[in-house]
Amino acid sequence: MPDLVALSPRNGDASAAIAEPRIVGFFCTWCTYLAADLAGTSRIKYAPNVRVVRVMCSGRIDPQFVLAAFANGADGVLIGGCHPGDCHYQEGNYNCLRRARLLRRVLLAMGIEDERFRLEWISAAEGDRVREVIDDMVAKLRKLGPLQMKRDVAVGRIATPELESSLPTGVVAEEVTV
Amino acid sequence: MREKPKIAFYWCASCGGCEEAVVDLAEGILDVVAAADIVFWPVALDFKRHDVERMAQASILASFLNGAIRTSEQEEMARLLREKSKYLIAFGSCSHTGGIPGLANFFTRQSILQQVYVNAPTTENPNHVLPGVNGGNGNRDLSLPYFSEHVRSLDQVVDVDYYIPGCPPLPKIVTAAVSTLLNGQLPEKGSVLAPDQALCTECPRKDTKPDKIAIKQFRRPQEMVIDEAQCLLAQGLLCMGPATRAGCEAPCVQGNMPCTGCCGAPGRVRDQGAKALAAIASLIDSQDETEIDRILAAIPDPAGTFYRYSLAASMLHGKRGI
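Just so you know, the protein sequences line up as chains A and B, in that order.
When the count follows this note's numbering, it moves up by one through the first sequence with no breaks and lands on 178 for the last residue.
When the count follows this note's numbering, it moves up by one through the second sequence with no breaks and lands on 322 for the last residue.
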């Protein structure tokens, strides 16, 4: 699988002056993916910021997928599923909704704003809705700026004597009791 | 006489419970001592860091290190023991996945120091003195380890061979792991030395788990009289069993309390919190967004609940900017 994030217009350069938001989209194959297809064949123009991952059902979207996207540099995640009552597998979109409502709160606790994680019901006939949602999300993310959750945990900022001596000298308490 | 293999125990950012877990082996510890020499164990034996520094590379068969890595000293000791040990074993939740200390990754270093050394109601520190690395006071040369920006699990700092899960690991798991090591019947590197399946599979209440659990109301243990026989999830309690590794035989459930997830996730799961979240949210008995939110409101701190032991090892590692 190609690295979705590496294909970004920003090319991983977080210091780029214009922050072009990178969005990973998880689209249900029965509805939103077809809607995006329809948008394409209808020549509807919308922002090119979404890299789409096609899934069989929005109920297949493990919260781990969303976290993996953010952890690897996505600025936003968009989930597209079938309207309530229209799920090809009866229940999948409801399961997606339940998880998304809870995941939203976990993301907030992680410092990831509401606007960065979006769940939309878009049927196969709603090509124009794809444009609306994506353009709106891109505009909001542009305002928020890059997320920059990607990090190299292994790089500690500790332990070398040079670094320690370069750190601001703290005040050590009067008495150190052992 | 053949020389006995050497083993070592060390602690980093931990509460001391894992040391207790070794003592909990009770007379089992005698079998360990009979089979191996303990060459380093600061909580119980008087060997110092310089004793370890003098040892040859990889001369210790196995070092069991508990606790997460927060300070420069802990990182140095982890690196030292890595160098001196053939096998380095992450012992207990903190070392394995960051554990309770890993929850500090929801807060910045500065806010933690401020809270602990200045704001806490029991702290008297009028000059707002904070610990620093290069201190010193008059003629005395004082230094403290650097308190780093975030908490890391052991494998985020050094290469780890095996993991022993649990908060703390149960004697049964420890005994099995130690005898595996001493017998040389080693599993694949990187293995967690406990069964690779969900706790529900060995839960004493598994037969009472309905095929389809439907929750209208989450409840906390203090708000109800808990049925001592029925599946805790079916009673609306947040039990992490479905997303937690087996091996402990569910002592918490046997004590009528829900599993909190200390043994980490089974092997195929990358992020325990996300998986637990998915498992629990799917049980909600509603299709209406407003009602779902109302039901979920009974979980006051979802991030802290689902990542109770695994925040540092999770995909996001902690709050943004930490």
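Calculated from the structure, these hints are not laboratory results.
One thing to keep in mind: the hints can contain errors.
Here are the computed lysine-lysine pairs in the DSSO-like style, where the Cα-Cα straight-line distance is at most 30 Å [stated by the list, open to error]:
1. Lys-206(B) / Lys-150(A)
2. Lys-143(A) / Lys-319(B)
3. Lys-172(B) / Lys-6(B)
4. Lys-216(B) / Lys-172(B)
5. Lys-150(A) / Lys-189(B)
Which chain A residues face chain B? A few, computed with CB under 10 Å, are given here [stated by the list, open to error]:
6. Pro-48
7. Phe-65
8. Glu-91
9. Leu-102
None of these values were measured; they are calculated from a predicted model.
Beta carbons: idealized from backbone N, C-alpha and C, even for Gly.
Structure-based check of each hint:
| no. | hint | result |
| --- | --- | --- |
| 1 | Lys-206(B) / Lys-150(A) | violated, 39 Å |
| 2 | Lys-143(A) / Lys-319(B) | holds, 21 Å |
| 3 | Lys-172(B) / Lys-6(B) | holds, 21 Å |
| 4 | Lys-216(B) / Lys-172(B) | violated, 37 Å |
| 5 | Lys-150(A) / Lys-189(B) | holds, 27 Å |
| 6 | Pro-48 | violated, 26 Å |
| 7 | Phe-65 | holds, 9 Å |
| 8 | Glu-91 | holds, 9 Å |
| 9 | Leu-102 | holds, 4 Å |
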